[in-house]
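S.K.: Letter by letter, the chains look like this.
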Amino acid sequence: MMLNNVVLKTLRDKRRAMIGWLLVMTGMSLIYALFWPYIRDNPFMAQMMVSYLQSFPSGLIEAFIGSNLTQFTTRPEAFLDSELFFLFVPLAFILFTASFGSDAIAGEEDRGTLDLLLSNPVSRSRIVLEKFTALVAYTFLLGALLEIELVAASVATNTSISLFRLTDVTLSVILLSLVFGSMALALGCIGLGPGMSTGVAVSLGVTSYFVNALATTFKDLQPYRKYSPFFYYIQADPLINGLNIGDATVLLVLIVVTLSIALLAFRRRDISV
Amino acid sequence: MGSGIVVAEGLTKFYGRQRGIVDLSIEVERGEVFGYLGPNGAGKTTTIRLLLDFIRPTRGQARIFGKDVSQSGLEIRKHVGYVPGELAMYDNMTGRDFLTYFAHLRNGIDWKYVEELAKRLDCNLSQPIRSLSHGNKQKIALIQAFMHKPDLLILDEPTTGLDPFMQREFYHMIEEVQAEGRTVFLSSHILPEVERVCDRVGILREGKLVAVEGVKDLKSRALRHLEIHFAKPVPKEAFVGVSGVRDVTMEDDIMHCTVVGSLDAVVKAASAFPVDNIITHEPSLEEIFMSFYGQGNKA
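In the order they appear, the protein sequences are chains A and B. The numbers in our numbering rise by one with no breaks, and the one at position 137 of the first sequence is 137. The numbers in our numbering rise by one with no breaks, and the one at position 94 of the second sequence is 94.
Since the hints were derived computationally from the structure, they do not count as laboratory data. No experiment lies behind these values; they were computed from the predicted model shown. Hints are not guaranteed to be accurate.
[Stated by the list, open to error] Here chain B is said to cover these stretches of chain A; the calculated rule only asks that three of the stretch's residues, wherever they fall, bring their Cβ under 8 Å from a Cβ of chain B:
| no. | segment |
| --- | --- |
| 1 | 4-14 |
| 2 | 106-113 |
| 3 | 118-126 |
[What the hints assert, rightly or not] Computed, partial: chain A to chain B, Cβ under 10 Å:
| no. | residue |
| --- | --- |
| 4 | E149 |
| 5 | R269 |
| 6 | I271 |
| 7 | S272 |
| 8 | V273 |
Backbone N, C-alpha and C fix where the C-beta goes; we use that ideal spot for every residue, glycine too.
Take the sequences, apply the hints, and build the full model.
M.R.: Okay, here's the thing in structure tokens:
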């Protein structure tokens, strides 16, 4: 059954890697499950932590945990925002989607198997679309795993958190990471090798993270903030305010545009031996 | 443009400034086994990858089954079987999984035929591909090319790594394909292989097609190094001037010479003396080119 088409074959190839990513998601949830009750139940410690953080230049704080400092010891959502969804979760998701996206075409070409695959009556566009479908499926699976683990951690620590808002922020992180995943796919379709495709996509992800995170402190960055996909991911704070349809649409459009570039570029170019 | 199964007209490919093939025109008829002969780097693989639409021509065009390869690649590939020159397969799969996957991409095939091919080629489909020798991987590549009984087989150095017994089985498979009226385009750098299975041969050198010959003509002009070990020294003059014999040298009781075409005359001349042994060496492709086209006619 797992060999019926390119989508299923791709999912099959990545089965083992997914176990590793499941562990990463578990690690994320553990940070929450272990630290949140500690901070919640020790107001003195929490206050010390906030004071300590406030002693750093504000730019540094905003670069790594966002601007939700005041609430993050009192609201679980704010804690999750600062500790996980601001940096770690999106970064992990981008690493996942970028390596998956670059492996789709560039990896297969690098290993030399693309010739044989293309000798079948399967169009180049269909291969790109099916591999992208597998990427989307696994990114959603990863999101679902994270959400399930975070819900479990909430239950275990006797914390109430909205399942809907958690779904909103997970959707937002899925969309953000798919922007960079389809970008890595497109770079491979243009002809970059797997290492370069992953590297360029992840670097752009990290850059866009910093542009967004530092723009509140460094006013010079302010005009560039709207070019950062991270801005559309987190600025409306989906974990607290719900998914902003406008922002989600921007991310969706970016995915469609990069995917279209991937399809067009791959349709035209020579496959290397 | 001609009406052959494979037609190339003025097909040219440059990789940047590097030459792939230049102004190649060729026509392969239905039911023909066409050999595509040339040394490594002559442009055989480039031609094949152009035919399969993996790369796009700088100039010229190619048609398969009368359809343009760039426009109708999908339709064409339904009826084409392919073995790549640089074989790379999904190492994490078993042969059976690999063939199952490709069978699905071809919308199903007769699995009994796959089993039959595997049996003929003595191929174990249960082992992971990564654990297979090159020859065994090649067998799986051959099965995937033959399994849907394509109208055209495009094979790039298909016998690489096969032992002589399997090579013979492969030649039988080619003969059967031809008997069913299907067509084969087979690239090789080994002259005897091409002589064994092909009807006509295109000879490629440095990106250009220098000749298309019938295999019979090729054989009549083929060049061989011959070494005859006599029981005692014999006079060199006995062989000088014998039909087809060139470059005669004597070394004690061993005679070396080059023979063009049939060995008949030289063997008859040798029969006047007691012979211990006769050794023939197949010439390299470069030597064939020399004999066909002379040193000055570097294509």
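S.K.: For each hint, tell me whether it holds in the structure or not.
M.R.: Status of the hints after comparison with the structure:
1. 4-14: Per the Cβ count (5), the hint holds.
2. 106-113: holds (count 3)
3. 118-126: holds (count 6)
4. E149: violated (28 Å)
5. R269: Result: holds, 8 Å to nearest chain B Cβ.
6. I271: For I271 of chain A, the interface hint holds, since the closest Cβ of chain B sits about 4 Å away, which is under 10 Å.
7. S272: holds (9 Å)
8. V273: holds (6 Å)
In the structure shown, a violation is registered for the earlier hint numbered 4 alone.
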